[in-house]
Amino acid sequence: MKQPLRDVRSYRLPPEVVDPLRQGLSGVSSQTITAIIREVPAYAEPFAGELGHKIARAVRAALATFLNLVSRPGADPGTPMASAIEAAYALGRGEARSGRSLDALLAAYRVGARVAWRELAAISVAAGQPAATIADFAELVFAYIDELSAASVAGHADELAASGRIRMRHLQELAQALVAGEPAHVLQAAAEQAEWVPPQTLTVLLLPERAARWVIDLLDPRTLQLADAVPELPGMTVLLVPDPQGTSRPTMTRLLTGHNVVMGPARPWLEAKSSLDRAIRVHRLTAPAGGEVVDTEDHLAAVVVTADPGALADLRSWALTPLAGERGAAAAKLIETLRSWLLHHGRREDVAAELFVHPQTVRYRMARLRELYGDRLRDPQWVLALTIALAIPE
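Residues in the sequence shown are numbered from 1 upward in steps of one, following our numbering.
All clues given are correct.
Here are the simulated distance ranges between beta carbons:
hint	residue 1	residue 2	range
1	Gln-200	Asp-379	45 to 53 Å
2	Gln-172	His-344	44 to 52 Å
3	Thr-286	Ala-90	52 to 60 Å
4	Pro-359	Pro-309	32 to 40 Å
5	Glu-232	Arg-327	31 to 39 Å
6	Ala-44	Ser-248	34 to 42 Å
7	Ala-385	Gly-291	31 to 39 Å
8	Ala-189	Pro-221	19 to 27 Å
Hints were generated in silico from the structure; no laboratory data involved.
In this text, a Cβ means the ideal position worked out from N, Cα and C, and glycines have one as well.
Just need the whole structure built from these sequences, with the hints factored in.
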């Protein structure tokens with residue numbers, strides 16, 4: 001069974017062991033830094049600039065702290081060790097902010113530990129230290145590096161978690177600004193703050209929250225999500241999907257099948273609110289059911305016709321005035337027959353098939369309508385008015 005490494009804070013080396021090491025500390029630091037640059041490519045560029053000087057100072061400080069820890073019998077090791085741990089933790093956070101991976105950081109520690117031990121051991125051998133002392137010293141070196149690397153790993157992880165939460169908040173704020181229709185300069189600033197690369201267009205998807213959690217993994221990684229963005233549609237989530245126009249729109253429709261989605265039109269990303277507005281209107285007209293995908297492009301006529309509900313109601317009332325004397329059930333049958341007749345351009349068999357009646361029934365009903373409307377059924381203005389008035393069945 002592997003034995004745990006000795007606690008560097010509980011062990012002390014005599015001055016005759018430490019003094020030669022302290023004298024050679026500058027050379028050990030230089031060799032360690034050179035090896036890290038050579039063997040860990042991610043650190044070649046950082047060491048070349050001002051950051052390199054800071055890291056070099058940190059390496060020298062870490063080695064000096066180690067020698068201080070093992071050379072002060074009876075002293076409280078807490079303060080210097082705490083400082084070293086704090087510095088290693090800060091290093092981990094800084095590396096995460098710089099975009100370097102945890103693998104690169106750990107590789108640097110491994111190389112640093114190996115080279116530092118090799119150089120320190122060479123000094124000890126040259127000073128005539130016995131093998132047992134050098135063995136103890138080796139364990140102390142690796143125990144110390146192990147504690148520092150653990151602190152750096154924790155700092156790296158904490159920074160990634162914190163920066164991830166901050167970015168998620170900024171993305172949420174960007175999504176809120178987009179659906180609110182904020183001015184262009186506000187949206188551009190929000191996108192920059194969220195480190196979000198704007199696409200050419202955005203398309204709104206309006207769907208249940210439970211479906212959004214599954215669907216979002218199938219979409220462009222830049223997709224923005226906003227829950228409960230539409231107060232009158234509780235439980236619905238808005239997804240803002242980059243650039244799904246053209247050939248990718250049918251593909252997206254296939255991906256979304258089974259999730260009761262309303263898909264708005266593609267709009268320039270700064271005008272995403274108009275895509276949401278269209279999706280909301282179509283949802284009111286024809287809420288998806290049974291897992292279908294409702295594409296707003298397929299409902300443009302209904303959107304246009306219902307743009308002014310009051311005007312549509314007035315037009316319908318005026319256009320149906322000739323039927324005012326008909327009783328309820330009879331009037332309803334005449335209205336559905338007239339609507340079908342207009343849409344099928346008077347083709348009796350098609351009207352009969354749509355209404356599930358005999359063609360002769362269609363002929364009787366149209367005869368009655370011609371009695372009531374007279375020549376108006378041949379007047380283009382009346383035909384247009386009737387077509388618009390009856391476009392959306394009640």
